[in-house]
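Student: Sequence:
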Amino acid sequence: MKHLFDWSYNPSLEGKLLCRACGPTKFSDGSKMKSDHWGEYGIWHNRFERRYLPHGEFKTNNQGNLEHIESGLIGNEAYKKFARSEPYPLKENV
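full-length UniProt numbering puts the first residue of the sequence shown at 1, with every later residue one more than the last.
The reader is advised that the hints may include incorrect statements.
Unchecked claim - Straight line, CA to CA, 20 Å or less: simulated PhoX-like cross-link-like pairs of lysine-lysine: (1) K16 to K91; (2) K59 to K26; (3) K91 to K59; (4) K59 to K16; (5) K26 to K16.
Since the hints were derived computationally from the structure, they do not count as laboratory data. Because the structure is a prediction, the values reported are computed rather than measured.
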């Protein structure tokens with residue numbers, strides 16, 4: 001899948017799991033990703049406050065909810081503890 005997208009805007013992000021605002025905006029053939037009900041790719045949609053979580057520390061659990069791997073906190077409790085308004089530094093191999 002990572003070769004499906006154009007990562008030239010930031011090669012260090014290639015293959016990482018990113019949100020639509022941080023991820024690529026073009027496919028590897030140069031064609032632009034089409035906007036949808038959330039708006040354009042590469043732009044935050046401003047429908048709610050943007051919050052950042054630490055890279056590689058969360059998973060989708062068996063119920064389909066966001067869960068912090070180490071603490072086991074789920075959903076809003078995890079957001080209360082770990083979400084912040086500034087991005088966390090990117091970790092290698094995440």
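Student: All hints are to be evaluated individually against the structure, with a verdict given for each.
Tutor: Here's how the hints hold up against the structure:
1. K16 to K91: OK: K16 and K91 at ~10 Å, within 20 Å.
2. K59 to K26: 26 Å, violated
3. K91 to K59: 16 Å, holds
4. K59 to K16: 14 Å, holds
5. K26 to K16: Answer holds: K26 to K16 is near 15 Å, not above 20 Å.
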